[in-house]
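A.B. asks: Sequence:
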Amino acid sequence: MPVGAEPTKQEEKMKKFLVVLLSLGLIAAFSMPASAADVKVSGSYNLQGGYDSNPELRDTDKYSKTAFYNAIRIMPVFQVAEGLTFTMRFDAQEKVWGDSAWRGQTAGTNDDVMSSRPQTAAGGTPKIQENIEIEYGFVSFNTAVGKFDVGYMNADGWGTAFFNQSNPRPRIQLTKVFGPLSVLGVYEKRYENVTSAAYAANHATDADYDTYALAAIYKWKAGQAGLMYKYWLNNQGRLAANPFSSRIHQVAPYAIAKFGPVDVEAEVMYFFGKTRDLEAPAAGVVNQDADTLNAGIKATYNLGPAYFGAQYAYASGNNPNDATKNKQLNGLGIGYDPTLIIGGGLRQDIGYDNYLGGVNGTTAIQKTKQNLVFYNAFGGYNVTPKLNVAGSVTYAHVASKPNGYQSSNVGIEVDLGVTYKIYDNLSYLVQGGYLFAGDYWKGANNANAKYGDEYVVINKLTLNF
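Heads up: the sequence shown is residues 37 to 501, going by this note's numbering.
Misleading hints may appear alongside valid ones.
Stated by the list, open to error - BS3-like, lysine-lysine: derived pairs with alpha carbons at most 27 Å apart: (1) 183 <-> 225; (2) 310 <-> 255; (3) 437 <-> 98; (4) 98 <-> 486; (5) 266 <-> 361; (6) 457 <-> 496; (7) 225 <-> 266; (8) 255 <-> 212; (9) 212 <-> 76; (10) 496 <-> 422.
By construction, these hints were calculated from the structure, which means they are not laboratory data.
Being a predicted model, the structure only gives us computed values, none of them experimental.
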């Protein structure tokens, strides 16, 4: 419309329409409930390449493995209201570079499970990996009786790094704080029977797997101490040919303390109860008691830019001549990772098989590190705020030697690594480890059996944000 001209009727109608539309938009905006006002996102990106010289510890006919492994993790926390949050965690591209196959485990194999995807039928060839997995999804809210966390969240992360795993599971957790004392109550659903094909086949009632825990943590200026009692009620065995149930009690105290320049942490985990309680006598099958003791202690002396220390870790093993006792529950855990080779989690991140050894028919060591004892001395030096050099020497042996084995000596491992901070949130690690293998790898009833050493070299780029 030219300047100074009178508006037409059509223009007047359009003007009124826009005014009404704008008014309705403002009314809707002010009347809508408030949405999440704050979203905090953290995460990581890991790229690791490595070379594994002799994973089965063979003396001849050796083979090696090399690969790049990639993983992305995103963890958003939605602040919905004061005292109310919703947390999720997405894991993506957990795969070896160039591997287009689905990395879920195939039933009946010893392949490393790269994610929590279900097993596939033996001989199946599933393709196209799921690119994003939702690992966590839980709501947290404060009430007069305490803080509730409800949904899928991290489990098996109690106390120190000793014996820890990292498994997302559905849980309900109530935390009540009384000054320096926190009291926790936890219910966890590990397995639901109604989703099993066997449910309809044999109509077994109450064949679930649940745990119940009570715990207390007391914190003071220089440390903390905690005690957890956990009851494991596992009725999955009721679907077996000879039905049984498991009722296991777990007691786990821990302490973390600082004494001047010395940091000390220790934890004990003891299981007792019944791992197999038969519903009726069965030929060739016996009842079995839980009798597992795991323990660990670590001390670190901090001296300016340098630090050194020692640690001891013990995970009991089964007596091969006594089937009435289960002394091999949990193990040292995937989260406890003082070595690169012997049960090392870093080595497994490359995407290699989940074991060490196997030569001469030996029982391989898994990354859960069951039936294993560690003696470890370590040290490090911060050359600059950006550059760190660290190393360790570890002697390991099995807690219970299998029948006929020549020795319990797993070997001595020497590790050395250099970490450089490219940015505050971006670091690059180069690490190598050499295992002087012990006579455990001769296996059973073969004093002249041969075996070889192993070395592993990795380099790892880590971004945290």
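A.B. asks: With reference to the structure, classify each hint as holding or not holding.
C.D. replies: These are the hints, each one checked on the structure:
| no. | hint | in the structure |
| --- | --- | --- |
| 1 | 183 <-> 225 | holds, 19 Å |
| 2 | 310 <-> 255 | violated, 34 Å |
| 3 | 437 <-> 98 | holds, 26 Å |
| 4 | 98 <-> 486 | holds, 12 Å |
| 5 | 266 <-> 361 | holds, 20 Å |
| 6 | 457 <-> 496 | holds, 12 Å |
| 7 | 225 <-> 266 | holds, 13 Å |
| 8 | 255 <-> 212 | holds, 14 Å |
| 9 | 212 <-> 76 | holds, 25 Å |
| 10 | 496 <-> 422 | holds, 16 Å |
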